[in-house]
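*Asks:* Residue numbers (this note's numbering), protein chains in the order written: chain A, 49 to 535; chain B, 5 to 488.
Since the hints were made in silico from the structure, they are not lab data. Any given hint might turn out to be false.
Here are the simulated lysine-lysine pairs, DSSO-like style, with alpha carbons at most 30 Å apart [said to hold, decoys possible]:
# : chain 1 : residue 1 : chain 2 : residue 2
1 : B       : Lys21     : B       : Lys307
2 : A       : Lys392    : B       : Lys135
3 : A       : Lys404    : B       : Lys135
4 : A       : Lys392    : B       : Lys220
Under 8 Å between C-beta atoms, here's a sample of chain B residues computed to sit facing chain A [to be verified]:
# : residue
5 : Leu47
6 : Leu53
7 : Tyr95
8 : Asp274
9 : Arg276
Here are a few chain A residues that sit away from chain B, every Cβ distance over 12 Å (derived from the structure) [claimed, not checked]:
#  : residue
10 : Ser70
11 : Lys113
12 : Ala149
13 : Ser257
14 : Arg284
15 : Leu307
16 : Glu314
17 : Leu320
18 : Thr326
19 : Ser337
20 : Ile429
21 : Lys462
22 : Val463
23 : Asp465
24 : Gln493
25 : Leu508
Even glycine gets a Cβ: it sits at the ideal position worked out from N, Cα and C.
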Amino acid sequence: MSELHDKTISQLLLDLDNKAFSSVELTGHYLDRIERLDPAINSYITVLREPALARAAAMDVARQKGIHPPLAGIPIAHKDIICTQGVRTSAGSRMLDNFIAPYNATLVEQLNDAGVVTLGKTNMDEFAMGSSNENSYYGPVRNPWRADRVPGGSSGGSAASLAAGLCAATTGTDTGGSIRQPAAFCGITGLKPTYGRVSRWGVIAYASSLDQAGPMARTAEDAAHLLQAMAGFDHRDSTSINQPVPDYLAQINGSIKGLKIGICTEYFDEGLDDDIRTAVMAAAKTLESMGAILSEVSLPNTQHAIPAYYVIAPAECSSNLARYDGVRFGYRCADPESIEDLYKRSRSEGFGREVKSRIMVGTFALSAGYYEAYYRKAQQIRRLISADFSQVFDQVDYILGPTTPSTAFKLGEKVDDQVAMYLQDIYTIAVNLAGLPAISIPAGQSQGLPIGLQLIGRHLDEGGLLKVAHNFQQASDWHAQRPNDGQ
Amino acid sequence: MQDWEIVIGLEIHTQLKTKSKIFSGASTDFGAAPNTQACAIDLGFPGVLPTVNTRVYEKAVAFGLAIGATINLTSVFDRKNYFYPDSPKGYQITQLETPIVVGGSVDIILKDGSVKTIQVTRAHLEEDAGKSMHEDYHGKTGIDLNRAGTPLLEIVSEPDMRSAEEAVAYARYIHQLVTYLGVSDGDMSQGSLRCDANVSIRPMGTEAMGTRTETKNVNSFRFLERAINHEVERQIAVLESGGRIRQETRLYDSDKDETRPMRSKETATDYRYFPEPDLLPIHITQDYIETVRQQMPELPEAKIQRFVRDYDLNEADAEVLASTVALADYFETVARVGGDAKLAANWVRVELLGQMNRDSLTPSAESLSAISLSANALGMLLARIKDGTISGKIAKTVFAALWHGEATDPDTYIATQGLTQVSNSNELIPIVDSVIENNPQQAAQYREGKTKLIGFFVGQVMRQTAGKANPQQVSDLVQQRLLD
Numbered sequence: 049m050s051e052l053h054d055k056t057i058s059q060l061l062l063d064l065d066n067k068a069f070s071s072v073e074l075t076g077h078y079l080d081r082i083e084r085l086d087p088a089i090n091s092y093i094t095v096l097r098e099p100a101l102a103r104a105a106a107m108d109v110a111r112q113k114g115i116h117p118p119l120a121g122i123p124i125a126h127k128d129i130i131c132t133q134g135v136r137t138s139a140g141s142r143m144l145d146n147f148i149a150p151y152n153a154t155l156v157e158q159l160n161d162a163g164v165v166t167l168g169k170t171n172m173d174e175f176a177m178g179s180s181n182e183n184s185y186y187g188p189v190r191n192p193w194r195a196d197r198v199p200g201g202s203s204g205g206s207a208a209s210l211a212a213g214l215c216a217a218t219t220g221t222d223t224g225g226s227i228r229q230p231a232a233f234c235g236i237t238g239l240k241p242t243y244g245r246v247s248r249w250g251v252i253a254y255a256s257s258l259d260q261a262g263p264m265a266r267t268a269e270d271a272a273h274l275l276q277a278m279a280g281f282d283h284r285d286s287t288s289i290n291q292p293v294p295d296y297l298a299q300i301n302g303s304i305k306g307l308k309i310g311i312c313t314e315y316f317d318e319g320l321d322d323d324i325r326t327a328v329m330a331a332a333k334t335l336e337s338m339g340a341i342l343s344e345v346s347l348p349n350t351q352h353a354i355p356a357y358y359v360i361a362p363a364e365c366s367s368n369l370a371r372y373d374g375v376r377f378g379y380r381c382a383d384p385e386s387i388e389d390l391y392k393r394s395r396s397e398g399f400g401r402e403v404k405s406r407i408m409v410g411t412f413a414l415s416a417g418y419y420e421a422y423y424r425k426a427q428q429i430r431r432l433i434s435a436d437f438s439q440v441f442d443q444v445d446y447i448l449g450p451t452t453p454s455t456a457f458k459l460g461e462k463v464d465d466q467v468a469m470y471l472q473d474i475y476t477i478a479v480n481l482a483g484l485p486a487i488s489i490p491a492g493q494s495q496g497l498p499i500g501l502q503l504i505g506r507h508l509d510e511g512g513l514l515k516v517a518h519n520f521q522q523a524s525d526w527h528a529q530r531p532n533d534g535q
Numbered sequence: 005m006q007d008w009e010i011v012i013g014l015e016i017h018t019q020l021k022t023k024s025k026i027f028s029g030a031s032t033d034f035g036a037a038p039n040t041q042a043c044a045i046d047l048g049f050p051g052v053l054p055t056v057n058t059r060v061y062e063k064a065v066a067f068g069l070a071i072g073a074t075i076n077l078t079s080v081f082d083r084k085n086y087f088y089p090d091s092p093k094g095y096q097i098t099q100l101e102t103p104i105v106v107g108g109s110v111d112i113i114l115k116d117g118s119v120k121t122i123q124v125t126r127a128h129l130e131e132d133a134g135k136s137m138h139e140d141y142h143g144k145t146g147i148d149l150n151r152a153g154t155p156l157l158e159i160v161s162e163p164d165m166r167s168a169e170e171a172v173a174y175a176r177y178i179h180q181l182v183t184y185l186g187v188s189d190g191d192m193s194q195g196s197l198r199c200d201a202n203v204s205i206r207p208m209g210t211e212a213m214g215t216r217t218e219t220k221n222v223n224s225f226r227f228l229e230r231a232i233n234h235e236v237e238r239q240i241a242v243l244e245s246g247g248r249i250r251q252e253t254r255l256y257d258s259d260k261d262e263t264r265p266m267r268s269k270e271t272a273t274d275y276r277y278f279p280e281p282d283l284l285p286i287h288i289t290q291d292y293i294e295t296v297r298q299q300m301p302e303l304p305e306a307k308i309q310r311f312v313r314d315y316d317l318n319e320a321d322a323e324v325l326a327s328t329v330a331l332a333d334y335f336e337t338v339a340r341v342g343g344d345a346k347l348a349a350n351w352v353r354v355e356l357l358g359q360m361n362r363d364s365l366t367p368s369a370e371s372l373s374a375i376s377l378s379a380n381a382l383g384m385l386l387a388r389i390k391d392g393t394i395s396g397k398i399a400k401t402v403f404a405a406l407w408h409g410e411a412t413d414p415d416t417y418i419a420t421q422g423l424t425q426v427s428n429s430n431e432l433i434p435i436v437d438s439v440i441e442n443n444p445q446q447a448a449q450y451r452e453g454k455t456k457l458i459g460f461f462v463g464q465v466m467r468q469t470a471g472k473a474n475p476q477q478v479s480d481l482v483q484q485r486l487l488d
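Start from the sequences, fold in the hints, and give me the full structure.
*Replies:* This is how it looks when you write it as structure tokens:
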């Protein structure tokens with residue numbers, strides 16, 4: 049039997065039902081582990097010990113009464129870009145170090161309604177900009193698999209806390225790969241839903257047309273538990289999709305026999321690590337052995353995804369982050385001499401280097417005389433990329449490939465090489481530009497570090513993706529591997 | 005001396021009459037304590053998102069239909085990025101490339117009676133900013149975000165106006181139209197209609213446009229006229245002394261009665277417009293447009309024509325009575341209850357508007373519902389003139405009593421004050437006879453053919469009856485007795 053903190057949500061729900069332990073015991077166990085282990089990992093920005101224990105006790109009472117919400121007493125953590133009422137929501141930035149959110153994000157409300165216990169808020173790259181979690185005002189996060197490695201980003205704290213057994217599941221956000229890449233680096237399952245499937249209300253914006261929150265969990269089944277609660281239409285988000293939410297937990301148990309899976313040739317280019325290539329192809333063979341039909345497919349505009357993304361995302365971010373001006377909330381510089389001085393110093397001092405870099409790039413891309421050459425062209429590329437996917441999804445049901453070109457790299461390794469850092473997102477970014485759902489699941493290891501496999505699905509086919517992932521996890525145990533924390 | 009042609013285009017910002025803001029549920033009521041009507045969305049808090057108050061589509065479409073414009077079935081919100089303390093998000097949500105209303109025109113009537121067509125370029129939806137307050141904060145600036153997010157329709161004209169008079173006539177027309185349509189409450193004292201005037205001059209007879217300046221935020225018709233005239237004079241002075249006009253934004257200072265530069269184009273902000281990713285494009289169906297069209301109220305021009313046709317009024321009276329929907333409705337009630345449209349027109353125009361003018365009231369919906377004299381009461385009063393119960397002169401006394409709130413029901417007042425007209429010949433004949441007897445000279449002159457003197461006799465009789473006699477009857481009796 050696995051350790052308490054390594055159990056899946058499905059196992060925990062059974063144990064809670066069978067009174068093997070209470071939610072208070074479970075929550076206390078996680079809190080104790082956080083206290084003991086997290087100083088070395090730094091995956092949490094805020095830990096909510098007392099509120100979490102009180103909430104767990106309430107859920108224990110509910111469970112005793114027999115009528116309780118589906119996830120009653122399951123301890124999770126939220127990425128600190130997701131607003132939690134009455135709790136600091138920093139987005140990993142000095143700018144919002146003093147920001148206590150006066151409201152819950154819709155997805156927080158939904159998960160609360162489902163009965164979860166919130167352990168705390170997880171560390172992240174500032175305003176979700178980064179692929180290594182080294183851009184946090186609260187310091188870098190260390191990969192639980194190896195302390196000299198990054199956990200990936202921007203949802204690095206979420207992935208690391210889960211891998212280290214410091215929560216049962218977490219939420220993340222994914223603008224260009226920020227759920228999937230850290231999931232791959234930390235050996236967990238991370239799902240980026242279809243754009244609009246999960247409400248963005250209360251999720252602090254980085255790039256509005258790309259941002260999407262999703263579950264990060266030990267297994268596809270656990271991810272289905274969370275998504276079941278998180279997904280759905282929200283009248284407060286105009287871009288949210290008004291479509292019924294299917295029963296994901298029922299869907300995942302379906303067979304994958306006869307499903308067509310396309311292996312994307314562009315995702316197996318020369319930049320890909322050999323161990324990852326081998327592991328991903330082996331995983332494809334496993335799926336084939338379970339009845340899936342493999343074929344090769346091509347997404348010819350893949351190479352344009354990163355340049356297009358690094359125009360569109362910074363452009364939107366330059367506008368989205370304009371509200372952090374030191375006037376109404378957030379960081380304000382000391383003794384401003386004028387309104388210009390207030391703006392300049394509050395923003396210079398409140399934002400970190402990568403954020404300022406993207407604000408400048410985005411401001412330039414939108415400026416008069418450059419808009420046509422950059423922003424409008426990037427939008428054209430975006431349409432071409434979407435068309436690529438549409439064409440491929442006429443032939444196959446899912447697209448398979450690696451999540452990242454390498455396994456977790458060393459802290460500091462790419463800090464001074466922005467382009468190398470940006471190339472981390474080469475396989476994940478096109479998915480955001482097209483608004484499609486995609487999942488990263490553990491599919492092997494290289495020198496003791498996890499390898500992530502990415503599956504991309506059609507618009508709103510989260511259930512299908514979870515089904516393929518769940519089938520694979522029934523036939524493999526990569527998702528059950530844990531880093532050795534020596535505890 | 006060079007002759008200059010003045011070229012003016014107006015951008016009119018009109019606040020749309022909605023209960024809540026364009027992108028949030030906060031109230032749009034005017035006059036609340038600062039920052040009590042600004043929610044997290046209006047404050048631009050982290051994680052909030054705008055959602056469109058769909059009532060604004062209805063208003064924009066109604067305006068577009070009223071000016072014969074094209075309604076874009078798909079229109080798009082854009083972000084206009086700039087830093088200013090009363091702009092909470094650091095951008096304004098507006099419509100740049102694809103506004104909801106395109107084209108259209110309005111006909112304005114000039115003082116000489118001629119009609120001129122002004123083309124409208126576009127009208128787009130956007131949100132208002134908050135207000136910076138520089139007084140009372142000891143050198144610091146206070147910010148009130150109650151107004152932030154108030155829905156606006158910005159109506160942009162072509163540079164079709166050639167004088168301040170034309171510009172004011174156009175602005176007045178737009179004001180009347182949006183008020184008529186219920187698109188805006190039109191209360192200019194609360195900033196419901198604000199004009200930016202683009203002004204340039206060119207030598208008469210030339211085609212090329214001169215360099216223009218934009219005078220911002222003029223919030224009354226009087227100021228608009230003065231601001232434009234000042235700006236024209238300034239531009240003429242600059243050009244005639246050999247200078248060049250700088251393309252710049254100017255501010256009209258109504259206290260000093262001058263325009264002065266706000267910012268020049270060289271330092272102008274680059275607004276970095278791009279499509280608002282938090283909002284989907286607006287899709288409007290032809291059916292929706294038809295529904296709005298069917299719900300549109302009668303427009304000023306149609307109302308004037310109907311008044312002329314159905315009530316047999318002259319054009320000038322009809323125009324005055326149709327100047328606001330509230331006044332037109334008031335008049336029609338008076339006419340219906342009183343049973344005489346021409347009499348009603350006369351009383352509303354002369355007595356009611358005269359009295360309101362003396363009390364510095366405009367015939368708005370608010371003031372017409374606030375006054376003591378209801379349209380129903382005025383109609384009843386006129387009915388009493390019609391049926392001979394009282395004379396027109398007495399009616400004015402009753403009108404004054406009703407206006408001052410001393411009475412609400414004319415009939416009760418007439419009865420209690422004993423104002424009923426004396427129409428009984430038996431009562432009147434002795435009085436008529438005594439007047440003739442006491443004025444033998446005038447009687448002789450009348451009989452010799454100086455018939456105009458009838459008025460003198462009638463007046464004498466009216467005086468003796470304290471105005472209660474029926475003047476027509478008196479006139480008949482005087483004639484009868486004089487010629488006996």
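*Asks:* State for each hint whether it applies.
*Replies:* Hint by hint, here is what the structure shows:
no. : hint                  : in the structure
1   : B:Lys21 <-> B:Lys307  : holds (22 Å)
2   : A:Lys392 <-> B:Lys135 : holds (22 Å)
3   : A:Lys404 <-> B:Lys135 : holds (29 Å)
4   : A:Lys392 <-> B:Lys220 : holds (27 Å)
5   : Leu47                 : holds (6 Å)
6   : Leu53                 : holds (5 Å)
7   : Tyr95                 : holds (5 Å)
8   : Asp274                : holds (5 Å)
9   : Arg276                : holds (4 Å)
10  : Ser70                 : holds (33 Å)
11  : Lys113                : holds (34 Å)
12  : Ala149                : violated (7 Å)
13  : Ser257                : violated (4 Å)
14  : Arg284                : violated (6 Å)
15  : Leu307                : holds (32 Å)
16  : Glu314                : holds (27 Å)
17  : Leu320                : holds (32 Å)
18  : Thr326                : holds (40 Å)
19  : Ser337                : holds (43 Å)
20  : Ile429                : holds (16 Å)
21  : Lys462                : holds (28 Å)
22  : Val463                : holds (26 Å)
23  : Asp465                : holds (29 Å)
24  : Gln493                : holds (37 Å)
25  : Leu508                : holds (17 Å)
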